[in-house]
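Since the structure of chain A is already known, use the hints to place chain B on it.
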Amino acid sequence: MKILIVEDEASLQELMSKTLKKEGYVVETASDHDSAIDKLAVYSYDCVLLDIMLPGGSGFDILEYVRRLSKRTNVIIISAKDSIDDKVRGLELGADDYLAKPFHLAELVARMRSVSRRSHNDGEFAYRLGNVSLEPDSNRLRVDGKDVPLLKKEFDILAYLMQRPGHLVDKTVLAEAVWGDHVDQADNFQFVYAQMKNLRRKLEEAGADIGIKSVYGFGYKLTEGKE
Amino acid sequence: MKLIYKIALSLSSIMLVFMTLWSIFFFRVMTAEINDETDDMLEEYSRDIIIKWLSGARLPATDNGTNNTYYIRKVSPEYADSRQRIRYEDADIYIASEGEHEPARIRRQVFMDSDGAFYELTVAVPTFERADLVRSILWSIVILYIVLLIALVSITIVVIRFNMRPFDALVRWYDSYAPGKNNAPVPSGTDVVEFRKLAEAAQKAVDRSEKLYDQQKQFISNASHELQTPLAVSMGRIEMLLDSPGLTEEQAGELVKIHRTIMDLTRLNKTLLLMSKIENGQFPDVEDVDIASVFRENVLMFKEVYATKDLGVELSVGEGCVWRMNVQLASVLVNNLLKNAFSHSPDKSVIDIRIWNDGFSVSNEGAGPLDRSRIFTRFYQENSRKEGSTGLGLALVKAVCDNSGLKVEYGYDGRHCFTVRHV
Chain A
1 MKILIVEDEA SLQELMSKTL KKEGYVVETA SDHDSAIDKL AVYSYDCVLL DIMLPGGSGF
61 DILEYVRRLS KRTNVIIISA KDSIDDKVRG LELGADDYLA KPFHLAELVA RMRSVSRRSH
121 NDGEFAYRLG NVSLEPDSNR LRVDGKDVPL LKKEFDILAY LMQRPGHLVD KTVLAEAVWG
181 DHVDQADNFQ FVYAQMKNLR RKLEEAGADI GIKSVYGFGY KLTEGKE
Chain B
1 MKLIYKIALS LSSIMLVFMT LWSIFFFRVM TAEINDETDD MLEEYSRDII IKWLSGARLP
61 ATDNGTNNTY YIRKVSPEYA DSRQRIRYED ADIYIASEGE HEPARIRRQV FMDSDGAFYE
121 LTVAVPTFER ADLVRSILWS IVILYIVLLI ALVSITIVVI RFNMRPFDAL VRWYDSYAPG
181 KNNAPVPSGT DVVEFRKLAE AAQKAVDRSE KLYDQQKQFI SNASHELQTP LAVSMGRIEM
241 LLDSPGLTEE QAGELVKIHR TIMDLTRLNK TLLLMSKIEN GQFPDVEDVD IASVFRENVL
301 MFKEVYATKD LGVELSVGEG CVWRMNVQLA SVLVNNLLKN AFSHSPDKSV IDIRIWNDGF
361 SVSNEGAGPL DRSRIFTRFY QENSRKEGST GLGLALVKAV CDNSGLKVEY GYDGRHCFTV
421 RHV
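Chains A and B, in that order, are what the protein sequence lines are.
Going by our numbering, the first residue of the first sequence is number 1, and it counts up by one from there.
Going by our numbering, the first residue of the second sequence is number 1, and it counts up by one from there.
I should point out that these hints are in silico values taken from the structure, not numbers from a laboratory.
Keep in mind that the hints are not guaranteed to be accurate.
Claimed, not checked - EDC-like cross-link-like pairs, simulated, lysine to aspartate or glutamate; straight-line CA separation at most 16 Å: (1) K348(B) x E297(B); (2) K81(A) x E226(B); (3) K197(A) x E154(A); (4) K22(A) x D243(B); (5) K221(A) x D243(B); (6) K303(B) x D290(B); (7) K213(A) x E304(B); (8) K21(A) x D243(B); (9) K171(A) x E254(B); (10) K87(A) x E64(A); (11) K153(A) x E297(B); (12) K52(B) x E120(B); (13) K171(A) x E314(B); (14) K52(B) x D113(B); (15) K152(A) x E297(B); (16) K277(B) x E176(A); (17) K39(A) x D61(A); (18) K270(B) x E64(A); (19) K153(A) x E304(B); (20) K221(A) x E249(B); (21) K18(A) x D243(B); (22) K213(A) x D243(B); (23) K277(B) x E92(A); (24) K202(A) x D147(A); (25) K152(A) x E304(B); (26) K71(A) x E92(A).
With the rest of the complex left out, here is chain A:
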């Protein structure tokens, strides 16, 4: 899969391209409006990561240009301006997703995956790992083809981890992703442990061949194969 990163901040551009290359993507970069347009005119990309504020022009222009060229290229807007107006405008112009800076790299990878999956098999997609398949749109978890009922929070936790298999996920990041921004002052993360315990038990009872590993007491990692 070929990706174009349009980002003027050299350091962030390097970081994004490094991360995505590690995930096995083919990555090209552009640092300003004009070079982005040049590349888009000559090559075709599966996905464009687009910053809005660029030297030489606005990212929205590039978005419109991409949409004129092809319907199939996915566009994820990456902006420092976390404003609803920008988000709405971007999505109206045909962007597939919107990511506000600063973001977690794992988040970027997960969004990339879900965007490309959505476009490839129109909606009904699932995260698969081992004999486990998780369908975020219909809130279903299947192990070996059998439905496993999960509570809402348990499902959200598993969905978050399924998008980042093999990566260490800090439990504060996980808590914030599942419970929202307001967990920041909770001094302990007992509520995460409680849900995690139930989730692990349910996965084990269903005979899933994935496991959630605690990493040094400050995070979790989803691994294939039993612990």
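Positioned in the frame of chain A, the structure of chain B alone reads:
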């Protein structure tokens, strides 16, 4: 004290002093004049009597209706020598026609007849006529004083009011001024040089403070925006490092701690951005928001997050409270008040939420009252700083209220109580 009253008061006190001095002077002059007239009259009268006495003519009757009295007595030469020939004095005399004693002006003159015998003539005129005169003079002075004072003060007030109209307008304008809000322009349009200068100075001061206010707002907003990218980069680099193989537990632990600190920083930054957006009025969409349902949605989440504290929540909804405001802001308002209550409650205590038709209150247990004047300022925290807390929660609450036509108040009666009302 209003300027106009101050002017009126000082005018009347100065008037009082000068009018009193002048009255005393005027009174003195008048009484001297009257005494002089009386003495002249007595002298004339005496001369008439003496001439008549010496020429042996018939003396005027003592009872002639004028209240003037006289009598002549013979005196020894020694008596005549030991005194001045003519003396004036004020004394009480007996007036036969009235049958009583009256204060009178008296003139005594010693004279000698052709036989060389000495006589003393005493003429007296009662002074009650003079007292009447003096009284009426005094009254006219007092009335004059009062009338003059009223006239002067009212003229002054009218004239000052009229001429100070541009000044009053300026003062009224100052009262209504609030930095950063839509303010009416400084009232000018006067041809008085001083007022024009005052208006110009006010305009300059206001322009400067508006500019500073804007710059400060702009600075916070810009700084926060500019911080987003470096924060993203450093967070990303740590995440990459965390994924690298061969990391020891200790190294990973340190990296996670750095990561969490950067997340705190990010959160702080986002909150500052949110705050400047609220203050800039960038949440213009309003709709009817049912406050009770916003509370219900969020209480469950907080109960779960703070489950280890084992807190009870009493939610009592009287009449439903529906406000026209921005949904996002309503949720910011409710969440920050709830977060504050949950995180500061002692274990196993009860959080009390009451909602009535035009307001709500959130209260939680707490040891002692907080500093009411500083509690809503940014970065104020009563005790030592809690890790992960931005210190901006209540400042956000205040910002939301100020921009949504609400008023938030803090009170303490054994419990910390935050009340939000429509203004």
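Inset, instruction - Verify the proposed pairing of K277(B) with E92(A), using a straight-line Cα cut of 16 Å. - result: Between K277(B) and E92(A) the Cα gap is close to 23 Å, so the pair fails against 16 Å, i.e. violated.
Inset, instruction - Sort out whether E120(B) lies within 16 Å of K52(B), counting only the CA atoms. - result: Holds. K52(B) to E120(B) sits at ~14 Å (cutoff 16 Å).
Inset, instruction - Given the hint that K81(A) pairs with E226(B), test it: the Cα-Cα distance must not exceed 16 Å. - result: The given pair, whose Cα atoms are some 10 Å apart, holds under the 16 Å limit.
Inset, instruction - Assess, step by step, whether the Cα of K213(A) is no farther than 16 Å from the Cα of E304(B), and give holds or violated. - result: With a Cα-Cα distance of about 23 Å, the restraint between K213(A) and E304(B) is violated, given a limit of 16 Å.
Inset, instruction - Mind checking the alpha carbons of K221(A) and E249(B) for me, to see if they're no more than 16 Å apart? - result: Holds. K221(A) to E249(B) sits at ~14 Å (cutoff 16 Å).
Inset, instruction - Would you check the hint for K270(B) and E64(A), treating anything up to 16 Å between C-alpha atoms as holding? - result: violated, 29 Å
Legend entry - Pairwise hint evaluation, E297(B) against K152(A), where the allowed Cα distance is 16 Å at most: With a Cα-Cα distance of about 15 Å, the restraint between K152(A) and E297(B) holds, given a limit of 16 Å.
Inset, instruction - Below or equal to 16 Å on CA atoms is what counts here, so check K303(B) against D290(B). - result: violated, 21 Å
Legend entry - 16 Å Cα cutoff - pair K39(A), D61(A): Given pair K39(A), D61(A) holds - Cα atoms ~14 Å apart, limit 16 Å.
Legend entry - Restraint check for K202(A) with D147(A), where alpha carbons must lie at most 16 Å apart: Holds, at roughly 11 Å.
Inset, instruction - Take a quick look at whether K213(A) and D243(B) sit within 16 Å of each other, Cα to Cα. - result: Holds: K213(A) and D243(B) sit about 15 Å apart, inside 16 Å.
Inset, instruction - With a cut-off of 16 Å on the C-alpha distance, tell me whether K18(A) and D243(B) pass. - result: holds, 12 Å
Figure legend: structure checked against the earlier numbered hints; hints not met, in rising order: 1, 6, 7, 13, 16, 18 and 23.
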